[in-house]
Structures are given as structure tokens and as C-alpha cells.
Amino acid sequence: METHGATCIDCHQNLVHEEAPMTDLDASREQRKLVLKEDDWDDWDEEDDDDDDEDY
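Heads up: the sequence shown is residues 342 to 397, going by the working numbering.
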């Protein structure tokens, strides 16, 4: 699974708690401050968001 710089906290907050803005880990490290991803950044495939796992 590729996260493109997302942190564990980014994913956890978005899956368990209310939706939170994604941070850009690489930019945050370079600037030494929290940098949020652009609003139009969306690399998730909506077709894969199914909770119905029929593969088992």
C-alpha cells in the first residue's frame, strides 16, 4: 500500500475519527512545520472503498 507521504496519524484520523486534512510529510520535514496537502489531492480509488470483502 502506497501512502504518498501520509502518516499513520493521517490515516487513523480519517478512518477512526472525523475526517482530518492530510499532511504532506515530505514538505513538512523540509519546512520543519506542518504542511497540509492540497484540497484536490485525492489518490484514493473510490471503487476500493467497499467494506464488502468477498475475496475470502
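Calculated from the structure, these hints are not laboratory results.
Honestly, I wouldn't trust all of these hints.
With a straight-line cut-off of 20 angstroms between C-alpha atoms, the simulated SDA-like cross-links for lysine to any residue are [to be verified]:
| hint | residue 1 | residue 2 |
| --- | --- | --- |
| 1 | 378 | 368 |
| 2 | 378 | 352 |
| 3 | 374 | 350 |
| 4 | 378 | 364 |
Status of each hint after checking the structure:
| no. | hint | result |
| --- | --- | --- |
| 1 | 378 - 368 | holds, 9 angstroms |
| 2 | 378 - 352 | holds, 13 angstroms |
| 3 | 374 - 350 | holds, 16 angstroms |
| 4 | 378 - 364 | holds, 5 angstroms |
In the structure shown, no violation is registered for any of the earlier numbered hints.
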